[in-house]
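Asker: Build the full structure now, drawing on both the sequences and the hints.
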Amino acid sequence: MPPARRAGRGTDLSRLERLLAAGKPVLTAELPSLDTTNRAAARRLVEPFLEAADAVNVGDNAAARAHVSALAGSALVLEAGGEPIIHLTCRDRNRLALEAELLGAALAGVENVLCLTGDDVTAGDEPQSKRVFDLDGPQLLSLAATLMKGTYLSGRPLDHPPRFFLGAAENPTAPPFDHRVDRARKKVRAGARFFQLQMVFELERLRAFLARALESGLAEEAHLLVTVCVVGGARGLRVVRDQIPGVHVPAELMRRIEGLPERDQPAACRQVALELAERALRMPGVHGVHVVSFQGPEPVVDVRRLMPS
Amino acid sequence: VFLLAAWLQGYASPVPGEELAREARLVVGVVSSRRGEASPASCEPERVPMRLMADRLLAPVEVVVKRPIFGCRMCGQCVLHSTGLTCPMNCPKQLRNGPCGGVRGDGGCEVDPSMRCVWLKAYERAGRLPWRDELDELRPPIDQRLWRASSWWSRLTKRDAARPPGWQGD
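Chains as they are written, first to last, in this note's numbering: chain A, 2 to 310; chain B, 18 to 187.
I should point out that these hints are in silico values taken from the structure, not numbers from a laboratory. From a predicted model like this one, the values you see are computed outputs, not experimental measurements. Backbone N, C-alpha and C define an ideal beta-carbon position, used for all residues, glycine too. There could be a bad hint or two in this list.
[Claimed, not checked] Below 20 Å or equal to it, Euclidean Cα-Cα: the simulated SDA-like pairs (lysine to any residue) are: (1) B/K138 with B/R162; (2) A/K25 with A/K150; (3) A/K150 with A/A101; (4) A/K25 with A/L215; (5) A/K25 with A/E52; (6) A/K150 with B/D129; (7) A/K131 with B/Q111; (8) A/K25 with A/R305; (9) A/K131 with B/R162; (10) B/K138 with B/V96; (11) A/K150 with B/P181; (12) A/K131 with B/D129; (13) A/K131 with B/P109; (14) B/K175 with B/L74; (15) A/K131 with B/N107; (16) A/K150 with B/G183; (17) A/K25 with A/E222; (18) B/K175 with A/S155; (19) B/K138 with A/G247.
[Said to hold, decoys possible] Pulled from the structure, derived: some chain B residues nowhere near chain A, Cβ distances all over 12 Å: (20) M70; (21) A71; (22) L74; (23) L75; (24) V78; (25) V82; (26) I86; (27) F87; (28) L146; (29) W148; (30) W169; (31) L173; (32) K175.
Answerer: See the structure below:
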């Protein structure tokens with residue numbers, strides 16, 4: 002596996018970047034959103050994930066619902082000895098706030114940033130909100146790259162530019178299927194070095210995306226992480242299908258889980274995710290797995306056991 | 018013109034009058050408003066002192082021509098040429114660099130499922146144009162001050178070519 006291109010960075014790579022550059026499959030996990038200001042409780046929630054995963058994603062008002070800020074969550078992860086990947090979306094902030102948040106993250110010691118366009122406000126529980134989208138995802142990546150070069154977007158110089166390992170998302174399961182790789186490559190040109198792909202529940206579309214990624218050179222330009230989601234059962238699967246924009250749940254899987262007695266559903270969902278992860282890890286062009294678990298940290302541990310140590 | 022606009026946009030509203038009223042308000046808004054005012058995305062006061070008569074005269078003409086044909090939102094910095102003659106400002110997130118990840122399986126918009134993702138249209142149409150590759154260019158953030166200004170005047174004066182000084186681009 003060729004090491005991904007790095008834009009003018011020295012040797013002090015983030016832990017995630019080091020692992021990916023070493024060519025080992027990497028395991029990342031999505032932290033549950035924090036809705037508490039109790040520090041001890043938040044740490045207890047977060048810590049099991051830090052042990053199981055190489056790095057953890059800290060959401061930025063995930064699913065367009067307000068939670069503890071990603072920066073505070075990332076600081077908590079750092080304090081507990083973990084490696085955060087901070088999410089940053091364009092939905093809630095204009096370019097000034099995005100610049101401030103990026104620099105604040107760097108100051109707090111966060112090195113991995115996932116630059117996202119973000120779900121629309123109407124996907125969340127406060128659809129009356131104003132959507133911002135002053136920038137879009139690729140522009141946000143370019144903005145972060147600008148800061149890394151030592152200036153604000155205005156050209157005003159910056160003391161001690163941040164070093165980020167920039168990531169982005171791409172959705173292999175949403176139209177236009179033929180152009181998703183083109184869009185990912187645009188993000189690479191803007192600064193992305195790794196991708197956490199949108200969650201998959203079947204591998205057919207992922208396979209097509211990866212074939213195109215290998216052919217176009219995307220798989221060499223950036224590290225690709227496949228996302229699997231562990232839901233609690235048929236109800237959770239319906240929520241993911243209906244409420245997370247762009248997620249494709251095959252009808253066959255839906256029927257299979259619905260057909261099981263309720264007490265067997267969680268285990269079945271874990272098994273489905275585990276099998277997907279195992280198969281995805283064997284696919285050429287895949288550099289790791291990202292786990293989104295609605296069943297706590299145990300499924301992340303399960304996936305860890307799959308991975309070569 | 019408004020009827021034509023509604024037809025071209027494929028509006029099938031149960032109350033067509035509402036759509037027409039919306040179109041009319043946009044045109045009236047452009048004719049009567051100052052640049053940068055009451056834009057969909059920005060309520061910033063205008064900071065550019067340049068208020069050119071040419072801009073004022075061109076904007077109403079432009080909206081009447083481009084609104085029916087392209088669904089133009091009068092962002093004042095037109096990229097129709099490189100987006101397959103599809104206005105990306107019709108995207109509820111106003112994304113100028115391609116579709117978000119929320120496009121539905123049937124091609125519907127994440128925000129408004131009844132509307133087809135503008136970027137799917139852009140890819141289809143751009144594919145038929147000789148300058149198709151322009152679609153993959155990284156377009157810079159927009160200048161929010163130019164809402165409701167004339168993009169024709171922007172092109173003539175090259176104010177739409179101005180980039181934020183730190184902008185890296187591709």
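Asker: So if I understand the rule, the pair passes when the alpha-carbon distance is 20 Å or less; does B/K175 with B/L74 pass?
Answerer: Cα-Cα ~18 Å, so holds.
Asker: Please work out if A/K150 and B/G183 have their alpha carbons no farther apart than 20 Å.
Answerer: holds (9 Å)
Asker: Has the given pair, A/K131 with B/D129, been kept, meaning a C-alpha gap of at most 20 Å?
Answerer: holds (16 Å)
Asker: Does B/V78 really sit off the interface, with its C-beta more than 12 Å from all C-beta atoms of chain A?
Answerer: holds (29 Å)
Asker: For the pair supplied as a hint, A/K131 and B/P109, is the alpha-carbon distance within the 20 Å limit?
Answerer: holds (12 Å)
Asker: Holds or violated: A/K150 and B/P181, Cα atoms, limit 20 Å.
Answerer: Distance ~15 Å between A/K150 and B/P181 Cα, so the pair holds.
Asker: Starting from B/K138, check that the Cα of B/V96 is at most 20 Å away, please.
Answerer: This hinted pair holds, its Cα atoms lying about 14 Å apart.
Asker: Hint check: A/K131 vs B/Q111, CA-CA at most 20 Å. Holds or violated?
Answerer: holds (13 Å)
Asker: Is the Cα-Cα distance between A/K25 and A/R305 20 Å or less?
Answerer: Holds: A/K25 and A/R305 sit about 13 Å apart, inside 20 Å.
Asker: If we take the beta carbon of B/A71, is the closest beta carbon in chain A still more than 12 Å away?
Answerer: holds (28 Å)
Asker: Is it true that the CA of A/K25 sits at most 20 Å from the CA of A/L215?
Answerer: holds (18 Å)
Asker: For the pair supplied as a hint, A/K25 and A/E52, confirm whether the alpha-carbon distance does not exceed 20 Å.
Answerer: holds (18 Å)
Checked against the numbered hints given earlier, this structure breaks hints 1, 2 and 6; the rest are met.
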